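Now for the letters of each chain:
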Amino acid sequence: MNKNILIPIYLTVFYLTSCISQENPPELKTPDQTKYSTVTVVEGIEIPWGMDFISKNELLVTEKKGKVYRVLNGEKTEVSGLPEIYQRGQGGLLDIALHPDFSKNKIIYFTAGVNVEGDEGGNTALYSAELNDYSLSNVKLLYKATPNTKKGQHWGSRIVFDDQGHLFFGIGDRGNRDVNPQDLKRDGGKIYRLNLDGSIPEDNPFVNEEGAIKAVYSYGHRNPQGMTVHPETGEIWENEHGPKGGDEINIIQKGKNFGWPVITYGINYSGTSITDKTAMPGMEQPFYYWVPSIAPSGMAFSSSKVYKGWKGDLFVGSLKFKYLERLVMKRGKVVKREKVLNDIGRVRNVKEGPDGHLYLGVEGKGILKVIEN
Amino acid sequence: MKLLFAWIFVVALLQGVALYQDKPLEKSIADGEEIYQDFCLQCHLDSGDGVSGVFPPLAKSDYLLNNIDLSIKGIKYGLSGPIVVNGEKYDGLMQNQGLENQEIADVMNYILNNWGNQSDEIITSDRVAAVKE
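Residue numbers (our numbering), protein chains in the order written: chain A, 1 to 373; chain B, 1 to 133.
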């Protein structure tokens with residue numbers, strides 16, 4: 001056989017494998033799409049950023065442009081009493097969460113872009129308030145990131161709680177990646193930890209570091225838009241948007257540096273390089289990273305037996321490709337990725353409800369409940 | 001002397017106002033490029049080509065070039081529902097970005113004069129202010 005014939009074949013194989021290797025494994029599979037569908041819980045919400053459940057039939061939903069709805073059996077009523085929201089670019093009213101003792105104290109938390117200083121621009125803030133029927137009272141500003149900026153990018157944000165009386169929330173790098181995320185003296189690109197009354201826990205990692213922001217729990221983040229607590233280990237899991245490529249899932253750890261923008265698996269939107277480093281001593285590797293980017297938002301574990309074979313799996317919304325991603329893990333590694341509900345719309349938020357079902361915030365639609373057919 | 005200072009002050013102020021109202025096109029386009037990088041590029045891309053069927057193109061976009069006030073309105077108040085751009089249907093949601101009128105004028109001037117687009121119209125903040133929801 002003429003060996004020259006083989007050369008184009010070798011080249012073709014090399015070309016194909018080099019293309020495939022550009023996607024970070026495991027390869028995304030698209031199984032039978034008729035097994036799962038959705039029912040609408042509430043509709044007519046443009047960007048349903050955050051949600052939390054008051055009971056099985058009642059929930060609070062935030063709309064990014066600055067509204068909170070209380071939804072009972074599919075009927076939404078606007079809640080009054082919000083502070084003035086600064087809506088610009090990716091910022092506005094963001095996440096909402098009930099206090100772990102909400103049934104007794106009626107306290108809720110929310111994050112939002114605001115300007116309380118009267119200068120130009122805005123930055124992410126955390127508030128608490130008391131919710132009675134359809135109005136907020138006793139609204140308290142618990143944390144406000146500074147300085148304000150007119151940049152449109154990377155405000156975060158999600159709110160979660162551990163079982164030791166702490167609240168965690170994230171703020172993105174606010175479009176200032178070379179300045180904010182690696183500097184402990186500056187806000188942005190951080191996960192923060194507070195006590196439930198807004199005070200700083202005495203054992204926060206940087207309380208004794210001079211000039212450091214005491215509320216910081218971890219740093220080197222780009223734009224955290226998904227956070228959830230692992231139902232068994234209690235760990236705080238987070239996902240964040242990378243640039244072009246390099247979206248990440250991280251398991252948040254006290255005082256750790258998650259590397260942005262010194263290390264990343266992504267490149268600039270323009271295609272130019274940010275750094276040639278994907279790892280450095282003293283910087284954490286992501287638990288998983290997406291190349292290409294899916295634009296992850298929202299994240300939840302399935303901890304119930306409502307869906308066959310999903311218990312323990314992680315679910316992440318894709319804004320960019322408009323589907324729900326299921327990640328199956330074994331021994332601390334992602335071994336399988338699946339598209340669930342392909343082409344459903346920009347999935348902004350994913351939560352597990354008190355009934356064990358998964359609930360999605362989908363842009364231009366509202367809140368949808370995932371059901372197995 | 002005092003009068004002279006007052007006079008200089010008034011002239012300077014008037015000039016400032018005049019300059020503000022008639023921002024030179026090149027300056028507006030340059031400022032608009034910054035706004036574009038910050039608020040628009042993620043969806044419409046550096047090339048202005050968007051993503052076929054998902055994010056409409058701005059480069060050589062018939063919708064943009066033939067519907068200037070509608071385009072301003074979309075940036076100012078958000079745009080949803082079906083539109084047809086260069087023969088292709090789009091049914092997405094563009095949220096209002098919270099931009100000021102001058103910033104909207106600047107980014108309009110940038111997208112109207114980039115990627116081979118050409119427009120005889122210079123968008124001013126007054127024109128943006130006149131566009132109602």
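Read the hints as simulated data drawn from the structure, not as lab findings. Some clues are possibly wrong.
Below, in silico cross-link-like pairs of lysine to aspartate or glutamate (EDC-like), each with a Cα-Cα straight-line distance of 16 angstroms or less [said to hold, decoys possible]:
no., chain 1, residue 1, chain 2, residue 2
1, A, K244, B, D46
2, A, K320, B, D91
3, B, K76, B, D120
4, B, K89, B, D49
5, B, K76, B, E133
6, A, K369, A, D163
7, A, K106, A, D133
8, A, K65, A, E78
9, A, K67, A, D52
10, A, K150, B, D31
11, A, K150, A, D119
12, A, K56, A, E75
13, A, K144, A, D197
14, A, K150, B, E26
15, A, K150, B, E33
16, A, K333, A, D276
17, A, K150, B, D46
18, B, K60, B, D120
From the derived model, a few chain A residues whose C-beta atoms are all more than 10 angstroms from chain B [what the hints assert, rightly or not]:
no., residue
19, S80
20, Q87
21, V160
22, E363
Fair warning: this is a prediction, and the values are worked out from it, not measured in the lab. No residue lacks a Cβ here, since even glycine has one placed at the ideal position from N, Cα and C.
**Prompt:** Hint by hint, which ones does the structure fall short of?
**Reply:** 3, 6, 14, 16, 17, 20, 22
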